[in-house]
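If you're matching them up, the sequences are chains A and B in order. The first sequence begins at 606 in my numbering and counts up one residue at a time. The second sequence begins at 606 in my numbering and counts up one residue at a time.
No lab work stands behind these hints: they were computed from the structure.
Identical copies go unnamed one by one, so any copy, or any two together, can satisfy a pair.
Dumping the calculated SDA-like pairs for lysine to any residue here, alpha-carbon to alpha-carbon at most 20 Å:
#1 K647 to A683
#2 K647 to G718
#3 K725 to G759
#4 K766 to L665
Number of protein chains: 2
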Amino acid sequence: MRTWPIQERNAEVDLTSTNGGATGERQVRALIDNLADAIRAKDVDALMTHYAPDVLAFDLLPPLQYRGADAIRNRVSAWFSSFQGSIGFEMRNLSVVSGDDVAFCHSLNGVRGTNKGGAKIDMWWRATNCFRKIDGKWVVAHGHSSEPFEMESGKALLDLKPQS
Amino acid sequence: MRTWPIQERNAEVDLTSTNGGATGERQVRALIDNLADAIRAKDVDALMTHYAPDVLAFDLLPPLQYRGADAIRNRVSAWFSSFQGSIGFEMRNLSVVSGDDVAFCHSLNGVRGTNKGGAKIDMWWRATNCFRKIDGKWVVAHGHSSEPFEMESGKALLDLKPQS
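Work out the full structure: start from the sequences and follow the hints.
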């Protein structure tokens, strides 16, 4: 069982070097670390430096799709604001696949914290991020976060936990 | 408004040629066409030829994740069996990004049909597929399908429609 938050870092990785797939994976993992740190710090500006202007995201909450970095900035700002203090954020089962200029990752992501209403939050969801290297810099081009739902009740299953 | 099912095809594309990103995109689009045709025909074997053995999928229904081609085969078989006759399957807003050996796509996917209980099905969801070229052949390495859910009720939003 990992502690919250994880402090694994690849801070020295140059996100703009120009080598192949193995380097790509290392750079993408560093980007993912930066995204996680920005979430823990609730730093919207730091987070958004890693998104393509034309990013398209499928989020936990409606609408069906969020088009463009501004839409994601608004959504993330609202999410950060819903917490008291910092966010405990963890990624499990992270898998990263990278080519020279296209990459993807998937993981189970969890948050712990307290919302503005005083309720404890402890929730996991499935996350996919897809990346492009544009003008020598890796950015998130597509994100997909979700919970499965129960067929009979139509309820999203918000209390599922990773098995390890 | 497109008719159901779409019959766009790239049937002549060689899925194993060895060129770069533009060729990759053409090959991946042909693979996506093949996946769609297999769904419409409810042909599990044809569908599964396009999945990596170690594919990991996040599906509409629990569990949180499906590990490996056998788990996906079981899930898809159950889904196909739940329909009377063929499945009307459509993809909207398809975007494909491909490098030499890694690619991803996202789309809004819809099905129309009649289930075994006689109920009409007309449902859209968000779909992300991630691909790898392994031993010269493109395969699905990761898939993510979902509906957003309403925060207040916790209900999955199963009746959302694409806006165009």
